[in-house]
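These protein sequence lines are chains A and B, in that order. Okay, so the first sequence: first residue is 1 according to this note's numbering, each after it adds one. Okay, so the second sequence: first residue is 1 according to this note's numbering, each after it adds one.
Just so you know, these hints were derived from the structure itself, not from any lab. Because the structure is a prediction, the values reported are computed rather than measured. Where is the CB? At the ideal position from N, CA and C, for every residue including glycine. Certain hints may be false.
[Stated by the list, open to error] Interface residues of chain A toward chain B, partial, derived using beta-carbon atoms under 10 Å:
1. Leu64
2. Lys74
3. Phe84
4. Gly86
5. Trp88
6. Asp187
Chain residues, written in single-letter form:
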Amino acid sequence: MSNIAGKAYAMNAVTPMHWYTAWMNKFFFWVSGRFTSFLGGLLTLSLIHYARWVIVKADQFPRLSPDQPKETLKYHYMIFFSNFNGSWDQYVDSFSSAISGGLDKFWIFSIKYPKSIPMLPFHRYITANQIWTDHYYNAYPMASSNDVKSARRVKDGLLAFMPNVERASPEEFQQKYNRLLLSLQHDLSQMDANQVVSLAASSVEHRLHKEIEKEKERLPVRQRAEM
Amino acid sequence: MANKSGNAYGLTLLCPILPGSPKQAPQGMNEQTYAALIRFQLQQLAVNERSPMARVPNTYLSRLWVLNDVPYQGRPATLEHLKSAYLVFSSNFHGELEDYLHGMWKAVEPEIRAVLQYCVGFDRVANAATFIQYIKKCQVTTTFFFNGSSDEPLAVQLKSLYLKQEFSKFAFANQGKNSVDLQAAFREFVARAQPSNLARPTWRAGAYHLDTVVLE
Chain A
1 MSNIAGKAYA MNAVTPMHWY TAWMNKFFFW VSGRFTSFLG GLLTLSLIHY
51 ARWVIVKADQ FPRLSPDQPK ETLKYHYMIF FSNFNGSWDQ YVDSFSSAIS
101 GGLDKFWIFS IKYPKSIPML PFHRYITANQ IWTDHYYNAY PMASSNDVKS
151 ARRVKDGLLA FMPNVERASP EEFQQKYNRL LLSLQHDLSQ MDANQVVSLA
201 ASSVEHRLHK EIEKEKERLP VRQRAEM
Chain B
1 MANKSGNAYG LTLLCPILPG SPKQAPQGMN EQTYAALIRF QLQQLAVNER
51 SPMARVPNTY LSRLWVLNDV PYQGRPATLE HLKSAYLVFS SNFHGELEDY
101 LHGMWKAVEP EIRAVLQYCV GFDRVANAAT FIQYIKKCQV TTTFFFNGSS
151 DEPLAVQLKS LYLKQEFSKF AFANQGKNSV DLQAAFREFV ARAQPSNLAR
201 PTWRAGAYHL DTVVLE
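Work out the full structure: start from the sequences and follow the hints.
Have a look at this one:
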């Protein structure tokens with residue numbers, strides 16, 4: 001079990017709200033989707049890869065067989081999924097510090113939501129409603145969300161630069177190369193595996209690695225090479 | 001529809017899990033519930049580049065977890081319970097849902113069967129088409145999807161990360177060179193890194209160590 005995949009942390013939180021406030025919550029989301037000024041703070045927190053809010057009521061829980069009992073929940077439930085860089089504390093505190101107002105808009109109708117300031121009740125609220133991830137996969141665990149965005153600029157910059165210097169003299173090349181470096185100076189950096197954020201996540205990875213190695217030893221040499 | 005933001009799709013599934021325990025449980029798992037068996041299966045999956053999700057085309061980030069019940073908020077809130085437990089699957093990927101699910105079935109059918117065999121209605125899944133039907137029945141619509149990343153195809157993202165890494169090394173290593181040597185070094189860099197070739201060299205999906213990340 002791990003909420004961590006490289007530099008990304010997976011948060012899941014499930015919070016109830018009354019049916020008669022759920023529509024207002026949906027309205028806030030609708031407005032946020034159309035007017036990005038509502039998302040100002042969220043965009044500033046560039047540590048998020050993707051985040052998602054899903055509000056479900058009793059009859060929206062999938063029922064795939066007549067034998068499966070119908071859900072009879074009184075509340076609507078908001079399921080929150082986030083993929084962010086850094087530790088749990090860094091993330092939750094960033095929310096409280098940077099976009100407390102915006103955050104409150106999204107959760108204000110959740111029952112007993114304490115608001116994001118002061119931080120301690122907010123921490124307790126998230127902890128009480130968070131559910132751990134059993135398997136988490138990240139296609140680029142060495143990269144932060146900012147790395148992914150800056151990599152795009154590096155790629156675009158290089159692809160535009162290459163035809164531009166194909167027949168350039170060395171002096172002309174150097175001038176254009178310096179200009180390229182200047183334009184990409186905020187995007188160039190080397191990535192590496194993170195320091196250990198969680199001992200649990202680190203030991204899960206270590207255990208699975210050892211199991212794979214054991215499995216390899218049991219296989220004939222030819223199959224081992226293919227693994 | 002809020003399932004999409006730009007070219008990124010946010011898929012959320014709540015797959016109802018069978019009630020009770022199987023008559024014939026896997027070895028060492030007697031009297032465990034179906035929900036516990038699913039959790040056990042999920043925790044046995046390899047991580048990083050060996051995760052089955054690394055083989056599913058265009059997956060940016062995905063997760064699986066079990067929702068046994070809804071959290072209680074304490075008095076005066078009402079205490080209520082779910083009638084079924086649910087396997088929650090969340091995936092952020094590039095492209096359209098059906099293409100993605102086709103790719104998933106093709107890439108990891110045995111792993112899908114190993115986990116979803118304990119879910120209600122999965123016994124009617126026989127092929128990619130019925131798998132897609134099943135998934136659509138389990139899908140819940142996203143209320144709000146925030147895309148804070150790039151939403152290019154995964155192969156483009158991975159190549160871009162490779163180029164960022166390699167070009168950063170190049171810029172560092174070639175500081176202060178004269179224009180003739182610099183131009184020659186850049187030509188070598190382009191020949192080696194092949195910036196326009198998405199297939200190789202690039203970054204391996206899911207890899208988390210410098211010694212395994214480059215796919216030559």
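*asked:* Of the numbered hints stated earlier in the document, which are not met by this structure?
replied: 4, 5
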